[in-house]
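Generate the whole structure from the sequences, applying the supplied hints.
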Amino acid sequence: EDQVTQSPEALRLQEGESSSLNCSYTVSGLRGLFWYRQDPGKGPEFLFTLYSAGEEKEKERLKATLTKKESFLHITAPKPEDSATYLCAVQFYGGATNKLIFGTGTLLAVQP
Amino acid sequence: DGGITQSPKYLFRKEGQNVTLSCEQNLNHDAMYWYRQDPGQGLRLIYYSQIVNDFQKGDIAEGYSVSREKKESFPLTVTSAQKNPTAFYLCASSIRVGEQYFGPGTRLTVT
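Sequences listed follow chains A and B, in order. Here this note's numbering is used: the first residue of the first sequence is 54, the next is one more, and so on. Here this note's numbering is used: the first residue of the second sequence is 35, the next is one more, and so on.
Heads up, some of the hints might be wrong.
[Said to hold, decoys possible] Taking CB as the label site, the calculated pair distances span:
1. T145/B <-> S77/A: 24 to 30 Å
2. K91/B <-> P133/A: 37 to 43 Å
3. P133/A <-> E133/B: 26 to 32 Å
4. Q84/B <-> Q56/A: 37 to 43 Å
[As the list claims (entries may be wrong)] Only pairs whose alpha carbons sit at most 20 Å apart, straight line, appear in this in silico SDA-like list of lysine to any residue:
5. K110/A <-> N75/A
6. K152/A <-> D93/B
7. K91/B <-> I154/A
8. K152/A <-> P109/B
9. K95/A <-> R141/B
10. K112/A <-> G69/A
11. K121/A <-> E70/A
12. K152/A <-> I129/B
13. K152/A <-> D64/B
14. K95/A <-> K43/B
15. K95/A <-> N60/B
16. K105/B <-> Y135/B
17. K152/A <-> Q71/B
18. K152/A <-> K43/B
19. K152/A <-> G132/B
20. K152/A <-> K105/B
21. K152/A <-> D72/B
22. K110/A <-> F99/A
23. K132/A <-> G69/A
24. K116/A <-> S71/A
25. K43/B <-> Q91/A
26. K152/A <-> I94/B
27. K122/A <-> S73/A
28. K121/A <-> G132/B
29. K104/B <-> S56/B
Derived from the structure by calculation, the hints contain no laboratory data. Ideal placement from N, C-alpha and C gives every residue a C-beta, glycine not left out.
See the structure below:
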């Protein structure tokens, strides 16, 4: 069964303390992996698309990387405004390719 | 400004009543989606539509219905057959499947 697992469920960092979030997947064939940010009570906001192992994308303090089994979202010197839930989603080949499978997210809290 | 809107933000209904959630987009996207989000669970796909007058069931379609009569609009009806309708409902649209633009969501409470 195709699955997406995110870890940790929650992460508390001090401002400036860098860390990484993990998204692992078991799939028959990965078509794309996507990262979103969700603030409390709001809809998710698209961040990155990754298509192949070795690919990296960056935006401000965030960098997303992809291997054959997992993706990491690295957060460098985070600020309190980076606090949010970060969601990972994957699109698979085969079956219903026109939909995403979402992980349950990592709730990130950055304290000043 | 281009975007996707959902209304209302909060909705309260009595058990046994059908309720319709609105979703409108002016991004000129062909594809639209409805998700349900519950605490501790990932977004689960209810229905999606790739083109006007066509839609497909997602993973949890039972107790829900949709229509897609216009490109801009994709309303979701939560029927009395949905056993646990209280949730946060999110609508999205996209050109590419992975890059979806989400609305602000509707929080439905059924008592």
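Checked hints:
One distance hint, 24 to 30 Å for the beta-carbon pair T145/B and S77/A, is violated here, with the actual separation near 39 Å. A hinted range of 37 to 43 Å holds for the C-beta pair K91/B and P133/A, which are about 41 Å apart. Taken as a hint, the range 26 to 32 Å holds for the pair P133/A and E133/B, whose Cβ atoms sit roughly 27 Å apart. The beta-carbon spacing between Q84/B and Q56/A, approximately 25 Å, falls outside the hinted interval of 37 to 43 Å.
For the given pair, K110/A sits about 15 Å from N75/A by alpha-carbon distance, which is consistent with the 20 Å threshold. Restraint check for K152/A and D93/B: the C-alpha separation of about 10 Å stays at or below 20 Å, so the hint holds. Distance hint between K91/B and I154/A is fulfilled; the C-alpha atoms sit about 14 Å from each other, no more than 20 Å. As the CA atoms of K152/A and P109/B are separated by approximately 18 Å, the hinted pair is consistent with the 20 Å bound.
The straight-line distance between the Cα atoms of K95/A and R141/B is roughly 10 Å, inside the 20 Å bound, and the hint therefore holds. Between the alpha carbons of K112/A and G69/A the distance comes to roughly 16 Å, so the proposed pair stays at or under 20 Å and holds. Note on K121/A and E70/A: the hinted pairing is violated, with a Cα-Cα distance of about 27 Å set against a maximum of 20 Å. With a C-alpha separation of about 12 Å, the suggested pair K152/A and I129/B falls inside the 20 Å cut-off, and the hint holds.
Between K152/A and D64/B the CA atoms are separated by roughly 14 Å; this keeps the pair inside 20 Å, and the hint holds. Annotation: proposed proximity of K95/A to K43/B holds, straight-line Cα distance about 10 Å (limit 20 Å). Pair hint K95/A plus N60/B holds up; C-alpha atoms about 19 Å apart against a cutoff of 20 Å. The hinted pair formed by K105/B and Y135/B meets the criterion: a straight-line CA distance of about 15 Å does not exceed 20 Å.
This hinted pair checks out: K152/A and Q71/B have alpha carbons roughly 16 Å apart, not beyond 20 Å. A threshold of 20 Å between alpha carbons decides the hint, and for K152/A with K43/B the separation of about 25 Å lies outside it, so the pair is violated. Distance check on the hinted pair: K152/A and G132/B sit about 8 Å apart at the alpha-carbon level, within 20 Å; holds. The suggested pairing of K152/A with K105/B holds, with an alpha-carbon distance near 18 Å, which does not exceed 20 Å.
For the suggested pair K152/A and D72/B, the alpha carbons sit about 19 Å apart, so the restraint of at most 20 Å is met. Between K110/A and F99/A, the direct Cα distance comes to roughly 13 Å. Compliance with the 20 Å bound is thereby established for this hinted pair. With a C-alpha separation of about 7 Å, the suggested pairing of K132/A with G69/A holds against the 20 Å cut-off. Note on K116/A and S71/A: the hinted pairing holds, with a Cα-Cα distance of about 11 Å set against a maximum of 20 Å.
Between the alpha carbons of K43/B and Q91/A the distance comes to roughly 16 Å, so the proposed pair stays at or under 20 Å and holds. Our distance criterion of 20 Å between C-alpha atoms is met by K152/A and I94/B, whose separation comes to about 13 Å. Between K122/A and S73/A, the direct Cα distance comes to roughly 16 Å. Compliance with the 20 Å bound is thereby established for this hinted pair. The hinted pair formed by K121/A and G132/B meets the criterion: a straight-line CA distance of about 18 Å does not exceed 20 Å.
A C-alpha spacing of about 13 Å is found between K104/B and S56/B, which places the hinted pair at or below 20 Å, so the restraint holds.
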